[in-house]
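Novice: Residue numbers (my numbering), protein chains in the order written: chain A, 1 to 156; chain B, 1 to 501; chain C, 1 to 326.
Just so you know, these hints were derived from the structure itself, not from any lab. Just to be clear, a hint being listed does not mean it is correct.
As the list claims (entries may be wrong) - Which residues of chain B face chain C? A partial, calculated answer using Cβ under 8 angstroms:
id, residue
1, LEU138
2, PHE142
3, ASP202
4, PRO267
5, GLY334
6, ILE337
7, ASN408
8, ILE455
9, THR472
Said to hold, decoys possible - Distance windows between CB atoms, simulated:
id, chain 1, residue 1, chain 2, residue 2, range
10, C, ASN152, B, ALA478, 48 to 58 angstroms
11, A, ALA155, C, SER46, 41 to 51 angstroms
12, C, SER175, B, ALA461, 19 to 29 angstroms
13, B, ILE465, C, LYS313, 45 to 55 angstroms
14, B, ALA475, A, ARG118, 50 to 60 angstroms
15, B, THR250, A, LEU126, 41 to 51 angstroms
16, A, LEU149, C, GLY55, 17 to 27 angstroms
17, B, GLY164, C, GLY220, 30 to 40 angstroms
18, C, SER46, B, LEU138, 25 to 35 angstroms
19, A, ASP97, C, GLY136, 53 to 63 angstroms
20, C, PRO265, A, ALA155, 32 to 42 angstroms
21, B, ILE489, A, ILE121, 47 to 57 angstroms
22, B, GLN466, C, VAL308, 49 to 59 angstroms
23, B, GLU248, A, LEU149, 44 to 54 angstroms
The beta-carbon is built from N, C-alpha and C at its ideal position, and this holds for glycine as well.
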Amino acid sequence: MFATYWPSRRNMVFGIVFVSFSALMAFETLRKLPIGTPANMGPGFFPLLLSISLGAISILAVVFGQSSAQEEPLKVAPFRAVALVLGAPIVFSLSIDPLGLFFAVFLSVLFSTQASIRSKIGESILLSAGFSAFCVLVFIYLLNLPLPLWGWLIAG
Amino acid sequence: MDFIQNLGLGFSVALLPYNLLFCFIGCFLGTAIGVLPGIGPLGTIAILLPVTFGVSPEAALIMLAGIYYGAQYGGSTTAILINLPGEATSAVTAIDGYQMARQGRAGTALAVAALGSFFAGTVATLAIAIFAKPLTSLALSFSPADYFALMVLGLVASIALAHGSVLKGLAMILLGLLLGCVGTDSYTGAMRFTLGTLDLADGIPIVAFGAGIYALGEILRGIENESDAPVSVIPVNNRLPSLADLKEATAPVVRGTLLGSVLGVLPGGGALLSAFTSYAMEKKLSRTPERFGHGAMAGVAGPESANNAGAQTSFIPMLTLGIPSNPIMALMVGALILQGIIPGPNLITEQPKLFWGVIASMWVGNLILVILNLPLIGLWLKLLKIRPHFLFPTILGFSMIGVYSVGNSAFDLYLMAIFGAAGYVLGKLDCEPAPMLLGFVLGPLLEEYLRRAMILADGDATVLIQRPLSATLLAVAAALLVVILLPFIRKRRKEVFVEDE
Amino acid sequence: MRKLVSTLSLGALLLAGTIGLAGKASAEDWPNRKTITAVFPFAAGSDYIARIVMGAVEKEIGQRILIDNRPGAGGAIGTGYAARQPADGYTFVFAYPGPAANFTNTFAGLPYKPLEDFEYVSGISKATMVIVARTGLPFTDFKGMIEYAKANPGKLSVSNSGIGTYGHMVELAFSDLAGIKMKMVPYKGNSEVVTDMLSGSLDMSMDFLNNNYMKQIEAGTIRPLAIVSAERAADLPNVPTFKESGIDLVAQPWAGLMAPKGTPPSVIERMNKAVVNYLNTDEAKQAFAKIGQQVNPTTPKEFRDVVVSEEVKWRDLIAKYEIKNQ
Numbered sequence: 001m002f003a004t005y006w007p008s009r010r011n012m013v014f015g016i017v018f019v020s021f022s023a024l025m026a027f028e029t030l031r032k033l034p035i036g037t038p039a040n041m042g043p044g045f046f047p048l049l050l051s052i053s054l055g056a057i058s059i060l061a062v063v064f065g066q067s068s069a070q071e072e073p074l075k076v077a078p079f080r081a082v083a084l085v086l087g088a089p090i091v092f093s094l095s096i097d098p099l100g101l102f103f104a105v106f107l108s109v110l111f112s113t114q115a116s117i118r119s120k121i122g123e124s125i126l127l128s129a130g131f132s133a134f135c136v137l138v139f140i141y142l143l144n145l146p147l148p149l150w151g152w153l154i155a156g
Numbered sequence: 001m002d003f004i005q006n007l008g009l010g011f012s013v014a015l016l017p018y019n020l021l022f023c024f025i026g027c028f029l030g031t032a033i034g035v036l037p038g039i040g041p042l043g044t045i046a047i048l049l050p051v052t053f054g055v056s057p058e059a060a061l062i063m064l065a066g067i068y069y070g071a072q073y074g075g076s077t078t079a080i081l082i083n084l085p086g087e088a089t090s091a092v093t094a095i096d097g098y099q100m101a102r103q104g105r106a107g108t109a110l111a112v113a114a115l116g117s118f119f120a121g122t123v124a125t126l127a128i129a130i131f132a133k134p135l136t137s138l139a140l141s142f143s144p145a146d147y148f149a150l151m152v153l154g155l156v157a158s159i160a161l162a163h164g165s166v167l168k169g170l171a172m173i174l175l176g177l178l179l180g181c182v183g184t185d186s187y188t189g190a191m192r193f194t195l196g197t198l199d200l201a202d203g204i205p206i207v208a209f210g211a212g213i214y215a216l217g218e219i220l221r222g223i224e225n226e227s228d229a230p231v232s233v234i235p236v237n238n239r240l241p242s243l244a245d246l247k248e249a250t251a252p253v254v255r256g257t258l259l260g261s262v263l264g265v266l267p268g269g270g271a272l273l274s275a276f277t278s279y280a281m282e283k284k285l286s287r288t289p290e291r292f293g294h295g296a297m298a299g300v301a302g303p304e305s306a307n308n309a310g311a312q313t314s315f316i317p318m319l320t321l322g323i324p325s326n327p328i329m330a331l332m333v334g335a336l337i338l339q340g341i342i343p344g345p346n347l348i349t350e351q352p353k354l355f356w357g358v359i360a361s362m363w364v365g366n367l368i369l370v371i372l373n374l375p376l377i378g379l380w381l382k383l384l385k386i387r388p389h390f391l392f393p394t395i396l397g398f399s400m401i402g403v404y405s406v407g408n409s410a411f412d413l414y415l416m417a418i419f420g421a422a423g424y425v426l427g428k429l430d431c432e433p434a435p436m437l438l439g440f441v442l443g444p445l446l447e448e449y450l451r452r453a454m455i456l457a458d459g460d461a462t463v464l465i466q467r468p469l470s471a472t473l474l475a476v477a478a479a480l481l482v483v484i485l486l487p488f489i490r491k492r493r494k495e496v497f498v499e500d501e
Numbered sequence: 001m002r003k004l005v006s007t008l009s010l011g012a013l014l015l016a017g018t019i020g021l022a023g024k025a026s027a028e029d030w031p032n033r034k035t036i037t038a039v040f041p042f043a044a045g046s047d048y049i050a051r052i053v054m055g056a057v058e059k060e061i062g063q064r065i066l067i068d069n070r071p072g073a074g075g076a077i078g079t080g081y082a083a084r085q086p087a088d089g090y091t092f093v094f095a096y097p098g099p100a101a102n103f104t105n106t107f108a109g110l111p112y113k114p115l116e117d118f119e120y121v122s123g124i125s126k127a128t129m130v131i132v133a134r135t136g137l138p139f140t141d142f143k144g145m146i147e148y149a150k151a152n153p154g155k156l157s158v159s160n161s162g163i164g165t166y167g168h169m170v171e172l173a174f175s176d177l178a179g180i181k182m183k184m185v186p187y188k189g190n191s192e193v194v195t196d197m198l199s200g201s202l203d204m205s206m207d208f209l210n211n212n213y214m215k216q217i218e219a220g221t222i223r224p225l226a227i228v229s230a231e232r233a234a235d236l237p238n239v240p241t242f243k244e245s246g247i248d249l250v251a252q253p254w255a256g257l258m259a260p261k262g263t264p265p266s267v268i269e270r271m272n273k274a275v276v277n278y279l280n281t282d283e284a285k286q287a288f289a290k291i292g293q294q295v296n297p298t299t300p301k302e303f304r305d306v307v308v309s310e311e312v313k314w315r316d317l318i319a320k321y322e323i324k325n326q
């Protein structure tokens, strides 16, 4: 009978993540920011209020949440795909200054295409190159965004 | 009937071929940037500002206004098709619109959004023409305490955006509010949670936040469903809404329009509240609230109309008082100044042609948008047929450029990756992103109004219940909270006991 | 005809973008090698003066100038970014009292040294600080306001645009000199200030005189009490200065142009000439006056003195009230 009261594994993780996050924020607030008075609230007043409420609500959400009996199997993307998709913005940020917009888009998009098990390298290169050219046309020539086209490594 | 004469003057200006051309350019550009993920109207208007130097003031403002509401339009297109809201308000449309698209009703959703927006635009234009003055005094009857109460009501309403656990929805709002605290405290200059880097001094940039949570999150969810089986193409039928659909959408559209028209007038977050207040209202009024979150038409029709009506009436404070109610309006004021026109309380008498011309152009612009977008629906639906492993890298590419171009900062791209990871994990924990996004956007406003009200009242918290306006709003918020929470807690209890048997 | 031309040029701009302007990369001297970047350390929208001035300079020196908005941390991010750029004459940055001078004393961990990292090109503009009041208060002028504030300490509310801004520093100094106490309320922008004044929630504001206030003053919905400049403002000839009213305080915000340290003097000189030439035109004077500002053309040396004396002027006040940005 007690088994049904046990929160699902997902909700346990939720509880742990949210309660520790709110504890961390509350701790940081108390350590660094003055709380002040209601008449003259300090920078810490609002965050402290929020982190305490967040902790309390998270515990309630676990208590009133799905029980382990209702748990559905968890589906997660393969680690390689996650790393490739999340890595794309990092590739972009590393290449935009030295290489400029065209190659930053080309490299990061090509990088991300490899996340899919369906991608073929030839297609991916074609897609990335075409898309980069399109972006240069739209963002640099059409919308006139102040983005470097070639970067200092190429243009000098 | 002065306003008919005035509108006549307005249309005589708006329908000049020259102004019509700029209205079209504005609507077209707006739609385009709205559809491109990560590129917002703020950036585009900032970039196009110098272009307006050479044209007449009417044409300049007509074009910029066209970009503004055109972008709202385009933003809902991507929200519906690929669950990628261009801005906070279309995050509401994404909830049910995307579900409709997955059920093969993307065409219906897009058409209902377009027609609802057009209706809202028409009504809002008339509202501005007839009620601009009284609506202005509404904007001036709100004190900081009242604004705070309004934000609280809006946040409570946004719990309705969660279709799973209400308590998790509430937790996500609080998480959003907390993330909104990051950055320089505008009252004391203290750095909050900036991890010692100046890059976070102005807070987490919303574009990086949104692109991470939505674009990256959606891409990862798409990849996890990949298997070696052939790609399942979503059936795309039922392109245009049937009569029954239209009938179903009518009441939400009308309610959303009214709500949006009123809330839009309030500077500082009014227009923002309209879309999800409408969603909460439709969900409460619906006989089938359980369909919300699973492709309810009212969940698209209401918020879209509210959003568009609000976007339009948010011009009122700028046109009647010279007070821009959001950063985009501030840019438009900048454009007018460059033209030698300083908007102020006397704009109507000093520049009647500009004032009425811009108002009339809004209706013209909405018409252009419908004409432009209804045929485009067919084209958008083709997007759904692109194989996902071709589509997602391009979404990613656009998002990265968008994120980078906001502040030309590489750091923002790291944030995007971090929020992508966070968004994915949160999704796995059954936490929905929309309430968090709204908490994030409203948080700074909520805190600002609260603290300002407190300073002005010498720390007397009863000021919040002494003013009739804020007392009423807070009472409604409290009632709404009880109404939302009670059945949920009761239901969960029941479930637990039922399973015991 | 003008309209037709501008329509066509708009189309050309949209379609062709920078391609025609940025073209020719020859080995000739400055400014022909590449596009010049002028960093504006605030968000787009408040940059019209920057755009007007650079638009004119662009024509005079014959090279495209890109306004690069790098907002953040009260201007510290963009100014710091400019300080780190190569001093090859292709980067300039707009200078403001905070990031160019006062942050030295208020901003711990500033990623550049305001008074050491730059060459000075020219002053651009001067603005007027003004204290305005809403209507419906029991006084109509500056003296009446001080008397009222003395009789009712802590009752009047006055806005500023954040800790360490001009408005805030002037409020602190003014309260001190006049021996009064007011509620100081920080705001993020002056459109919110005006809204709250019109709704009666806020009593007064200490801010730059700009279009927002000018229009309300013209319409009689907001009343100017006094200005903090040394002399009366041309736009508001009937409004007394602080000094006339017995408050010994002068503050005048300014803007100018700087370049990274080590930028060749010949470049500085040509840039200075281009800026000053434009600022001396009637067109410039009118454009500035529209938003309540005055042109302020200077030599590089004169502008450097403006920045240096700025830091000296506020140093003690900042220390006294422990004003901090971080």
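Novice: Each hint needs a verdict: does it hold in this structure or not?
Specialist: Results for each hint:
A least Cβ separation of about 11 angstroms between LEU138(B) and chain C goes past the 8 angstroms threshold, and the interface hint is therefore violated. At its closest, the beta carbon of PHE142(B) sits 7 angstroms from a beta carbon of chain C; the interface hint therefore holds under the 8 angstroms criterion. Contact between ASP202(B) and chain C, as hinted, is supported at the beta carbon level, the nearest pair being about 5 angstroms apart and thus within 8 angstroms. Interface hint status for PRO267(B): upheld, as the beta-carbon distance to the closest one in chain C is roughly 6 angstroms, under 8 angstroms.
At its closest, the beta carbon of GLY334(B) sits 5 angstroms from a beta carbon of chain C; the interface hint therefore holds under the 8 angstroms criterion. At its closest, the beta carbon of ILE337(B) sits 6 angstroms from a beta carbon of chain C; the interface hint therefore holds under the 8 angstroms criterion. The interface hint given for ASN408(B) holds, since its Cβ lies 6 angstroms from the closest Cβ of chain C, which is under the 8 angstroms cut-off. Because the smallest distance between the Cβ of ILE455(B) and any Cβ of chain C comes to about 5 angstroms, under 8 angstroms, the interface hint for this residue holds.
A cut of 8 angstroms between beta carbons decides the hint on THR472(B): the least distance to chain C is about 17 angstroms, and the hint is violated. One distance hint, 48 to 58 angstroms for the beta-carbon pair ASN152(C) and ALA478(B), is violated here, with the actual separation near 35 angstroms. Hint check: ALA155(A) to SER46(C), Cβ distance near 31 angstroms, so the stated range 41 to 51 angstroms is violated. As the Cβ distance of SER175(C) to ALA461(B) is approximately 26 angstroms, the hint placing it in 19 to 29 angstroms holds.
A C-beta distance of roughly 46 angstroms is found between ILE465(B) and LYS313(C), which places it inside the suggested range of 45 to 55 angstroms. Roughly 55 angstroms separates the CB atoms of ALA475(B) and ARG118(A), a value that falls within the hinted 50 to 60 angstroms. Take THR250(B) and LEU126(A): their Cβ atoms lie about 47 angstroms apart, and the range 41 to 51 angstroms holds. Against the hinted window of 17 to 27 angstroms, the Cβ-Cβ separation of LEU149(A) and GLY55(C) comes to about 22 angstroms, which satisfies the hint.
A hinted range of 30 to 40 angstroms is violated for the C-beta pair GLY164(B) and GLY220(C), which are about 55 angstroms apart. Range check, SER46(C) to LEU138(B): Cβ separation about 28 angstroms, and the 25 to 35 angstroms hint holds. In this structure the hint that ASP97(A) and GLY136(C) lie 53 to 63 angstroms apart at CB holds, the actual value being about 55 angstroms. Checked against the hint of 32 to 42 angstroms, the C-beta distance between PRO265(C) and ALA155(A) comes to roughly 26 angstroms, which is inconsistent with it.
Range check, ILE489(B) to ILE121(A): Cβ separation about 54 angstroms, and the 47 to 57 angstroms hint holds. Distance hint check: the CB atoms of GLN466(B) and VAL308(C) are about 51 angstroms apart, consistent with the given range 49 to 59 angstroms. Between GLU248(B) and LEU149(A), the C-beta spacing of about 50 angstroms keeps the proposed range 44 to 54 angstroms intact.
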